[in-house]
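Novice: From first to last, the protein sequence lines stand for chains Y and R.
Residues in the first sequence are numbered consecutively from 102, following the numbering used here.
Residues in the second sequence are numbered consecutively from 435, following the numbering used here.
Mixed in with the good hints, there may be bad ones.
Below are the SDA-like pairs computed for lysine to any residue, each with C-alpha atoms no more than 25 Å apart in a straight line [claimed, not checked]: (1) Lys266/Y x Pro752/R; (2) Lys496/R x Leu470/R; (3) Lys233/Y x Leu608/R; (4) Lys579/R x Leu179/Y; (5) Lys266/Y x Lys510/R; (6) Lys496/R x Ala663/R; (7) Lys510/R x Leu171/Y; (8) Lys233/Y x Ala762/R; (9) Lys191/Y x Lys233/Y; (10) Lys510/R x Lys191/Y; (11) Lys510/R x Leu178/Y; (12) Lys510/R x Ala130/Y; (13) Lys500/R x Tyr580/R; (14) Lys579/R x Arg128/Y; (15) Lys579/R x Val495/R; (16) Lys579/R x Tyr132/Y.
Simulated from the structure, these hints should not be mistaken for lab results.
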Amino acid sequence: MPVIQIVFFSLLAIVAISTAIAMLLSRNAIYSALFLVLNFATVAVLYLTLGAPFIAVTQVTVYAGAIMVLFLFVISLLGAEKLPGYEPLKGHRVMALLLALVFVVELVLFVVYRNQMVGPMPVVTPEFASPKNIGVTLFTQYLLPFEVVAIILLSATIGAIVLTKPDKKRVTPFAQEKE
Amino acid sequence: MIDTGMVIEWIIKSLVLILGLTGGFAYLTWLERRLLARFQSRIGPNRAGPFGLGVPIADAVKAFLKEELIPHYADKVIFVLAPVITVVPALTVLAVIPWGEPLQMFGRQVSLYISDVNVGIVYIMAITSISVYGITLAGWSSNNKYALLGGLRATAQMISYELALGLSMVGPALVAGSLSLVDIVHAQQNTLWYAILQPAAFILFFISSTAEINRAPFDMPEAEQELTAGYHTEYSGMKFALFFMAEYIKMIAVSVIGSTLFLGGFDGPFVGQFPWLGPLYLIIKTVIWLMVLIWLRATWPRIRYDRLMSLGWKILFPFALLNVMVTAFVVALVG
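Isolated chain Y, as found in the complex:
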């Protein structure tokens, strides 16, 4: 790998990690959300440098464009930008540290015990990550996971609609009699 690439990747990695840490440490929810947006954008640039423009722009559209805008909207609508100094959920910091530790151990084990047959890097053509190729792979090789995700998303949508529906006052003959 040429030096310039290593420098570029490490710069991106530093930005990604520091924005993630800043997101965790910030005491203002709006700033946290903005650091997360920066993090997503940096990951998108990583995808772009790896030759996957479709995934990069999708990442920006879905995460930075749709999900985080909703987060910002809700935070500023509720005026919930000042985070409380205490833990609303008892012991969630300990749990988070434990889970992070598990993740790191998993990662190390994966690197140590993975298939050690390291061949030459496959040459990736620009066509490899084209929207057409991604679509074909999605609808043939990964059809089952794709359909499962579709059902999960659909049920989540229906759940959101049901949960936000205002409660209708039930007027039953029985209740009227009691009054």
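Since the structure of chain Y is provided, determine the placement of chain R on it from the hints.
Specialist: Chain R only, in chain Y's frame:
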């Protein structure tokens, strides 16, 4: 491969695009004032220079010299950043638009686009989805109830109409069989303009893009009777000018994208023999689109906020979905 000549070419093309958009913004404000005056049987600004052409320059000087106020209780960092975050997406969204066939200039082949990525339409959607941030943050950081309400309205409106906007751009992509705007223009040269082949998508794009850029009759985020000035209530001087600029550049951007997707882009008579006509045709189509937007502003009252939301979610969004499904069926059956 990348050589020095290509880098210089990219820089020059980017500069031309950015300067063209800023210059276009200045004279679009002039055009809007003059046209609105005509619509209302007035004369309009005609004193500074011939036909009042000096008015934008005077406006720019005024904006530079005005005092900049930052409210005491505002979040200063975000307050200063918000206008910049609003302008940048507006300036970058047109990078994937082709302005004409490649030209021979200075002994080299110069393509009249900054980048022909194979995900052009998704790129446009990504940039439009980011452009909400500046407005939301401006509203929040001002620490002012009108600004906050305006920012929230703008966010809700832009999220709602983004769906219909994105789906209306799927129609041309399906018919052309490509997400690249260069391919879409070429496909329209071979068949008809997509305003004729995809009339539903064209109308949906027109309505939802007008709402996306907060133009009348969808200019709820700045409804002055209710919200003073909306999200930019607390902004003055150059920062306000940046919001103003972003708004007008978004108008131009939407017109260019719409002309490219639905009105044949740089296509026109004799463009094969004289490739220099390409940019000219695209500019003419853009100006016509802009005039329609101004015409709408002069003649339509503002739509009520709840109607605006129900129009976006209950009418435009289902129609856009239906259009995508029908188009996909037809394309699969025919081609």
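Novice: Would you list, in rising numerical order, the hints stated earlier that this structure does not obey?
Specialist: 5, 9, 10, 15
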